[in-house]
Each structure stands twice: as structure tokens, then as C-alpha cells.
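Line order of the protein sequences matches chains G and X.
In this note's numbering, each number is its position in the first sequence, counted from 1, plus 4.
In this note's numbering, each number is its position in the second sequence, counted from 1, plus 1285.
Possibly wrong hints are sitting among the right ones.
To be verified - Below 25 angstroms or equal to it, Euclidean Cα-Cα: the simulated DMTMM-like pairs (lysine to aspartate or glutamate) are:
1. Lys1596/X with Glu25/G
2. Lys1657/X with Asp36/G
3. Lys1596/X with Asp21/G
4. Lys1627/X with Asp63/G
5. Lys1535/X with Asp31/G
6. Lys1596/X with Asp36/G
7. Lys1510/X with Asp63/G
8. Lys1627/X with Asp53/G
9. Lys1627/X with Asp61/G
10. Lys1596/X with Asp31/G
11. Lys1297/X with Asp1515/X
12. Lys1535/X with Glu1519/X
13. Lys1627/X with Glu25/G
14. Lys1596/X with Glu29/G
15. Lys15/G with Glu1616/X
16. Lys1596/X with Glu19/G
17. Lys1596/X with Glu12/G
18. Lys17/G with Glu1616/X
19. Lys1657/X with Glu1616/X
20. Lys1535/X with Asp36/G
Since the hints were derived computationally from the structure, they do not count as laboratory data.
Here the structure is a predicted model, which is why all the values come from computation and not from measurement.
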Amino acid sequence: MTHEEIVEIVKSKLETDSILEPGFEFDIIAQDFAGRIGLDLSLNSLINDVAVNEQPDFDPSWI
Amino acid sequence: MILDSIKETSRKIHDREISATEIVVELINDVNNRDHILNAFTSFNSELLLDNAKLTDRQLSEGDYSGPLHGIPVGIKDIINVAGYPTQCGSGLYPNQVQSSDAVVTNNLRTDGAIFAGKTTSHELACGVTSAPASNPWNTNYVPGGSSGGSGVAVACGYVRAALGSDTGGSIRIPASLCGVVGLKPTYGLVSTSGVEPLSISLDHLGPITASVEDCALIMNSLAKHTGVDYTSELNQGIAGMRFGVLAGKPFSPMQPDVQQAFENALDHLRNLGATCINIEIPELEHTLAVEFGIIPLEAGAYHLNSLQNKPGLISPSIRTLLIAGRVIPESIYHRANTGRKLISRALRRAFEENNLNAVVTPSLPATAAKKNQDEFTFGDLSEHISVSYVRTTAPFNVSGQPAISVPCGFDSMGLPIGLQIATRPFDESSALRIANAYATSTDWQLIAH
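Construct the complete structure from the given sequences, taking the supplied hints into account.
This is the structure in C-alpha cells:
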């Protein structure tokens, strides 16, 4: 996804939310959004690769 | 102003060796002399303080004694409601409007006779690690940490023995570590957050920042009084025979060499006190920040949507970017982050059970205090934003919900404090306090910055 495409996604979403301040720093917001894609990959790795040996158990004191 | 411990001050108040009014007058003078530099307090009302102190003295003269917190000044982070004070969260979004009621925690403290010293500086919306304009009392060119920075400063400089903070990714333990004091993040849900402005409701915790572990336990007795637990009861039982897991690998490494050395010295000390320390790695913890940052923006963005729509100019650009991220990133990330949270929590639980652990120990933070306006730390080839550095060692226990306490364990070559973090099983605050007390009372790191 290109930077411009991300900026358009951000603008579209904010419009849907009625967040319409013209002074927003869309480039910075788009960069932040792009950075979060790395976190998503980390979540994928955690869910799909790391925690594979789950055994059914229960202790109500733990989250 | 350097107070005796809460226990000793309480005895003096009870025995009429000192009055609450005398303590408060000294506090007011001290704040008037120094707080234009330290900025621990964002709201400080001398008149209200004196009125409350006089009321306390009248109660005591009539034999109405509420217990060990009666007459003790406590600072309150400015996201927690206190009747008679505004709650402004370090943000222009909140009007300077006096609250008419207490939060549950401040009501507990009031019932137990504590006097509110004032509202302490919070990083904007409790979402950051620097807490400007507050300054680190050990060196005012450095940050005190955050987001409960003012509470860390107020305790570290000796204004008060205790203050309250909140902790969503480390915001109690970060200022505690950077300011050289004690900070406890209790188990998720143990201490009420009712009457407190949230950052991220499923990760927010409230707890004490104090000058000693014993002070911390006494404050916990008030904050969690519904449990009926006396958190001071096990403080002096020692740690002989206990087993601690030393968490190695990511996200705890890399760290500054001075921090590494102080941590290794602390482990030696724990072994000398009779504990066994074993190295363990939990690969799931490497993904802690993906979980933490997959939850906070969405919850915070949802909570502050109205402000984003109507008053975005009153939010600083960096916080606004985070809140907007919470509106833009897909909800599926939030749901998967919560799945990841379960996996991390279970991995920690397995580590405790398989290794028969009483606690896991880590450096509280991989680095000491950053200079004001410093954006990054450098660890060898790695440059890392300070907010990531400070959160990566503390956030695992926000995600798991376990209690985690930071106690001072040394100083770096610049004379800035270093913290040791101890995390125990959920609802086992008593063991966290016991281990911290065994360490703290047998070392000399608990000092007050002048």
C-alpha cells in the first residue's frame, strides 16, 4: 500500500467519524498507521507461530 | 520537608507529638519554595489543606482516630477525582472545574483520615512517559517519567511519603524507577478505577507511589480495604527458600550497561537473602507491545471521540495521532490483540507453575531518566523511542494483569536512580511487598532526593 493510499484511507475514515479538522497532519498519521502494520505482523506471529502448545486449563485469577 | 515513615508520623500524630496542622504548614512552605522548579503539583490549595488539617486535629483531640493514615498528606494524580479539586488530566480538554465527589480510592483514603496534599502532574491524558513540566528531583534537567510523573516527584523530593498513580503500560513503575522510589501496580481489577479518567479501560490500574515498601503496604490497606487483607502482615517474613524467575531475552534486553550491572548486583543480593534465581525465557513476551498498542489506541480513541470531533485543537499533535490511529486501525487488530493478551498471560502462568516460582524479576526499565527533549535511547546499533524503551519492560504485567512493584536498586554513573521490578501471581500483592521489603530494608538505595 502506498503512502498516498494510506492517507486516503485515513481521510476517508476520519470523514466517516465526523473528525474534520483541516489542520491534521495526515502525513504523520499515515506514517504512524504504516508503523502499526509491523505490530500486526507481530500479533500474527504470536497467535500463529509462538503460542502453539496451548493445553486446555483454567485458573480464574489469571486474565 | 522530609517526613518520617507513615507509621512513625502516624504514631507522632496519635501521641500528639506533632499536629496535622504543623505537618501541613511545613508542606505548604516546602511546595512554595521548590515547586516552581519541580512542578510536582498541578493543583495545590493551601487554604483547603489547612482547613482539612485543622479538622483532623479537632477529630484527634476528640478521640476520633481513624488509623495509621489519619493526618498523613497524600498526593493524588490529576486524573483521579478528589472533591474540592478540579480533575484536568494534564490536558486543555478539561475545564478548571472543582469536582463535587471523590473517586472510590480517594473516598477510601478520606475515610481513613488521609489529607489530600494536592493534585499531581500527569502526562497529557495519562498517555506518555515524560510528564512535562515536572522535573526529576535527582537532576532537574531530566524527566521524572510518566504518566504519573508528578506523584513520583512529590514522593522523591520529600513533599509527601505517598501519592497515587495510574498504570496502563508502566505509568506507576516508570516514575517510581526514574525517581528512586517505590511503585506498585496491583492486580488488574483489585483497586477500583471508578471516578478516574480512563486511558484504556482494560489495561488501566491504580496504585501507590511511596517512599518505602511499608508505606506502600499501608496505602494498599486503604485502596483495597474491601479485601480485608492486611498488606503489612507478611512484610518482615524474609525470602529464604523463595524461587524467582529472571526474565531474559526480549523485551527485557537490550538495556544500559549501568542498569545491567545494578540488576545483576540485585540478583546477587536476593540470593544472599536465601532466594533461588533461575533464568527463564518466555518467547511470547516479545510480542507484548503489539498487544499493548493493539488495545490502547482503540480504547482511548473511542473514549475521546467526542473531543476529536469537537475540540481537536486542544489535544497535542502526538496524542492526537495516537487517538486518530485508534479510529483508523481495523477493529480486528483489537480483537487479535486481546487473543494475544490471553496467550501472554497463559505463558506467564505456565512459567510460574512449571518452575514453581514465587515471582519473576527484571530491571524495572532498561534505561535511567532521559534528558528533557530527548526522543530516543541508543542501545548499541538500536535506536529506540524513549516511550517504547520505558514501556517494554513494564507492559508485560499490564497485559497479564499480575501485580508488579518497582523498588530502587542503584544509581547510574550520572547519579540517576535504577529500579528492580518484582512481579508475583495475580492477587499476591503480599508476596510482592514482602520480597520488595526484604530487598529494600537490607540495601541503602531508598533515599530522598534533595
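Verification of the supplied hints:
1. Lys1596/X with Glu25/G: Holds - the C-alpha atoms of Glu25/G and Lys1596/X are around 9 angstroms apart, at most 25 angstroms.
2. Lys1657/X with Asp36/G: This hinted pair holds, its Cα atoms lying about 23 angstroms apart.
3. Lys1596/X with Asp21/G: With Cα atoms ~14 angstroms apart, Lys1596/X and Asp21/G stay inside 25 angstroms; holds.
4. Lys1627/X with Asp63/G: Given pair Lys1627/X, Asp63/G holds - Cα atoms ~12 angstroms apart, limit 25 angstroms.
5. Lys1535/X with Asp31/G: Answer violated: Lys1535/X to Asp31/G is near 31 angstroms, above 25 angstroms.
6. Lys1596/X with Asp36/G: holds, 21 angstroms
7. Lys1510/X with Asp63/G: holds, 24 angstroms
8. Lys1627/X with Asp53/G: holds, 15 angstroms
9. Lys1627/X with Asp61/G: holds, 12 angstroms
10. Lys1596/X with Asp31/G: holds, 21 angstroms
11. Lys1297/X with Asp1515/X: Distance ~22 angstroms between Lys1297/X and Asp1515/X Cα, so the pair holds.
12. Lys1535/X with Glu1519/X: violated, 33 angstroms
13. Lys1627/X with Glu25/G: violated, 37 angstroms
14. Lys1596/X with Glu29/G: holds, 16 angstroms
15. Lys15/G with Glu1616/X: The given pair, whose Cα atoms are some 17 angstroms apart, holds under the 25 angstroms limit.
16. Lys1596/X with Glu19/G: holds, 15 angstroms
17. Lys1596/X with Glu12/G: holds, 23 angstroms
18. Lys17/G with Glu1616/X: holds, 13 angstroms
19. Lys1657/X with Glu1616/X: Measuring from Cα to Cα gives roughly 35 angstroms; hence the hint is violated.
20. Lys1535/X with Asp36/G: Distance of about 23 angstroms is within 25 angstroms: holds.
The structure shown violates the earlier hints numbered 5, 12, 13, 19.
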